[in-house]
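S.K.: Please put together the full structure from these sequences, using the hints given.
The listed protein sequences correspond, in order, to chains A and B. Just so you know, we're using our numbering here: the first sequence kicks off at 1 and counts up by one. Just so you know, we're using our numbering here: the second sequence kicks off at 133 and counts up by one.
Bear in mind the hints are in silico, worked out from the structure with no lab data behind them. For glycine and all other residues, C-beta sits at the position ideal for the given N, C-alpha and C. A few of these clues could be false.
As the list claims (entries may be wrong) - One-sided excerpt, in silico: chain B residues whose CB lies under 10 Å from chain A:
(1) Lys186
(2) Asp188
(3) Tyr192
(4) Lys193
(5) Thr195
(6) Ala231
(7) Ala235
(8) Leu236
(9) Ile237
(10) Ser240
Said to hold, decoys possible - Short, incomplete list of chain B residues facing chain A, as computed with Cβ under 8 Å:
(11) Tyr189
(12) Arg230
(13) Gln233
(14) Met234
(15) Pro238
(16) Tyr239
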Amino acid sequence: MSQRQYEILFIAEQNLGEPEVDTLTATVKGFIEKENGTVEKVEKWGKKRLAYTIGKNREGSYVLMIANAPGSAMAEVERRMRVTDGILRFLAIRIDAEMKKADRKKTIRGKKESTRRASVREKDRAFEGGAQ
Amino acid sequence: MSDMETPEFRGRSGEGRGPGGERGERGERKDKGAGGGKGGFFRRRKTCKLCSEKVDYVDYKNTKLLLAFIPERAKILPRRMFGTCAPCQRKVRTAILRARQMALIPYSTE
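M.R.: This is the structure in structure tokens:
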């Protein structure tokens, strides 16, 4: 099964302490690994003020994960996250395609820059040649 | 007959001068950045901010960038206000919607 890269961001409830958030992160990690996925990176943002209240929460602990998993697995991971207590909200998006596009753009731009410089150099040379 | 026609003609040309004079004032207002309005005045062409700054991936987590596109009422600015190109505006839109869902950006302000 083809592995795809996903970015999962979830918000834990405000009354959860740091150790509880860590266990929550571990359980989510468990969901992914159960479905033949791997977690590449976990980034804890800590407690942040929410832009608006969700339920009765004014704050929430944000945790960002980057995971490699097959697409079919993510449906199950999402379902499990939805029923997990303590997760206020989550967002799982596929990022590999977008990243590939961005990288390609970057390389194309790099090439364009170098060719432009080369053409300028050539013109300079031709000009100098004409002067001689 | 010709004597009758000339005053009429003058009258018309006088009316024509009126809006012509106003045109300059409106043009000045445009420079202050008040968008909208109809008419064929010269306006400086807006360029896509994201293209010129070479932002390849509009990240929903980058709130600083997204907040530039939402004024105090937290509405998404239309393209004509900001001059973003169609693909960039689409990227900004999805990023803002995602950020809103994750409570990084408000849906609206009180």
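S.K.: Can you name, in rising order, the numbers of the hints this structure does not satisfy?
M.R.: Result: no hint breaks.
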